[in-house]
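Q: Listed here are the chains, written in short residue letters.
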Amino acid sequence: MTTVRTQFRHSRESGNPANKGAREALRAYWIPAFAGMTMFWCAFGIPLAAQDTMPPAPYAYRQLADPALEAKARALMETLRCLKCQSQSIADSDAPMAGDMRSQVRIRIAAGEEPEAIRDWLRERYGDYVSYRPQVGAATWPLFAGPLVLLLVAGAAMWRRFERRR
Amino acid sequence: MTRWRLWVPLLLFAGFVGLAGYMLTKPKDEFVESRMVGKELPYFALRPATQDRPGVASADFRSGKPRLLNIFASWCLPCIAEARQLEALAKAGAEIDGIAIRDRPEDVAAFLRRHGNPYRRIGADDLSEVQLAIGSSGVPETFVIDGRGRIAYQHIGDIRAEHVPMLLEKLAEAGS
Chain A
1 MTTVRTQFRH SRESGNPANK GAREALRAYW IPAFAGMTMF WCAFGIPLAA
51 QDTMPPAPYA YRQLADPALE AKARALMETL RCLKCQSQSI ADSDAPMAGD
101 MRSQVRIRIA AGEEPEAIRD WLRERYGDYV SYRPQVGAAT WPLFAGPLVL
151 LLVAGAAMWR RFERRR
Chain B
1 MTRWRLWVPL LLFAGFVGLA GYMLTKPKDE FVESRMVGKE LPYFALRPAT
51 QDRPGVASAD FRSGKPRLLN IFASWCLPCI AEARQLEALA KAGAEIDGIA
101 IRDRPEDVAA FLRRHGNPYR RIGADDLSEV QLAIGSSGVP ETFVIDGRGR
151 IAYQHIGDIR AEHVPMLLEK LAEAGS
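Protein chains in written order, with the numbering used here: chain A, 1 to 166; chain B, 1 to 176.
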């Protein structure tokens, strides 16, 4: 692709509009581009069609009037995983389900619920997976203990070396 | 320092590469299973999603007989593929209630006209509230609810022909 592009630019710069090479390069450039676009729409156009036509939930895209409450809701939304688009937080996602989750978070925060209570409510339903906030648990404690153990081992090894040298 | 000790870091590294390589060959599991399986269905009462079927409430699942709760939507393509299998389940005696996620009554009606209506009741969940409350993360999903309102099983994704006997078995198990 790069070679075609440089070739194309080169023949344009040579100042010969009737240049056959330029026309060929143009064709060589546009045909793959068109094929690429078609493939793109086949891959992404169909899932796009599978979207509902309902309006977004009341607080999906509307902030709470109270800035302090909105900040509280926002902080929570940034650490909750979108279940349909699993590498995004619900704050980042435009999936309708993420919008419904944002709306629910905002309404519950506005009603006085604590963010951690909402997180726990979701974890009761979807497991730790729904939360991005790291948590020490039966499966995750080695992640926290590992670096400490490594530090201790390295410290002990260094201490022994320096002792021997003396 | 003994000679074999020199190899320990390399072996550790090789072990790590081996593990990473092995994990890369395994397909990624994108299903988020509901933790509500085994628990009581949370309270809900949904308005009818279409004119010719009543809405769904959690109380409907305490009739003593196990039922299927199908989460679907007219805008969901795998739900179309699933419709025939739901029909087969209904013919085999399964009682199915549906919850339509973020859907308009006219769209639900058109979907049912076109792909069949195996449902006894259909509730409308406009803000995915019930879906979130039962730990469902997409459409379609199908839950087996025992006769006492407890979630006995969750099937994620569309029901294929091979899942029909399995779901009938789960229904029978939930009823025993």
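Derived from the structure by calculation, the hints contain no laboratory data.
Computed from a prediction, not measured in an experiment: that's the story for all the values here.
Be aware that one or more of the hints could be misleading.
Short derived list, chain B residues pointing at chain A, Cβ under 7 Å [claimed, not checked]:
id, residue
1, LEU24
2, LYS28
3, VAL37
4, PRO42
5, TYR43
6, ALA45
7, SER128
8, SER137
List time: in silico DSBU-like cross-link candidates among lysine-lysine, alpha-carbon distance up to 35 Å [said to hold, decoys possible]:
id, chain 1, residue 1, chain 2, residue 2
9, B, LYS28, A, LYS84
10, B, LYS91, B, LYS65
11, B, LYS65, B, LYS26
12, A, LYS84, B, LYS91
13, A, LYS72, B, LYS65
14, A, LYS84, A, LYS72
15, B, LYS39, A, LYS84
16, B, LYS91, A, LYS72
17, A, LYS72, B, LYS26
18, B, LYS91, B, LYS39
19, B, LYS39, A, LYS72
20, B, LYS28, B, LYS39
21, B, LYS39, B, LYS26
For each residue, glycine too, the CB sits at the ideal point set by N, CA and C.
Q: State for each hint whether it applies.
A: Taking the hints in turn, this is what the structure says about them:
1. LEU24: Cβ of LEU24 of chain B sits 17 Å from chain A, so the hint is violated.
2. LYS28: 9 Å, violated
3. VAL37: 10 Å, violated
4. PRO42: Not OK, violated: PRO42 of chain B not within 7 Å of chain A, min 9 Å.
5. TYR43: Since the shortest Cβ distance to chain A is 14 Å, the answer is violated.
6. ALA45: 17 Å, violated
7. SER128: 4 Å, holds
8. SER137: 4 Å, holds
9. B:LYS28 to A:LYS84: 15 Å, holds
10. B:LYS91 to B:LYS65: 16 Å, holds
11. B:LYS65 to B:LYS26: With a Cα-Cα distance of about 40 Å, the restraint between LYS65 of chain B and LYS26 of chain B is violated, given a limit of 35 Å.
12. A:LYS84 to B:LYS91: 32 Å, holds
13. A:LYS72 to B:LYS65: At roughly 44 Å apart (the allowed maximum being 35 Å), LYS65 of chain B and LYS72 of chain A break the hint.
14. A:LYS84 to A:LYS72: Holds, at about 24 Å.
15. B:LYS39 to A:LYS84: Holds, because 23 Å separates the two Cα atoms, which is no more than 35 Å.
16. B:LYS91 to A:LYS72: Answer violated: LYS91 of chain B to LYS72 of chain A is near 50 Å, above 35 Å.
17. A:LYS72 to B:LYS26: It is violated: about 39 Å lies between the C-alpha atoms, which goes past 35 Å.
18. B:LYS91 to B:LYS39: 28 Å, holds
19. B:LYS39 to A:LYS72: 30 Å, holds
20. B:LYS28 to B:LYS39: Distance of about 27 Å is within 35 Å: holds.
21. B:LYS39 to B:LYS26: Between LYS39 of chain B and LYS26 of chain B the Cα gap is close to 31 Å, so the pair holds against 35 Å.
Hint compliance for this structure: hints 1, 2, 3, 4, 5, 6, 11, 13, 16 and 17 are not met, and every other hint is.
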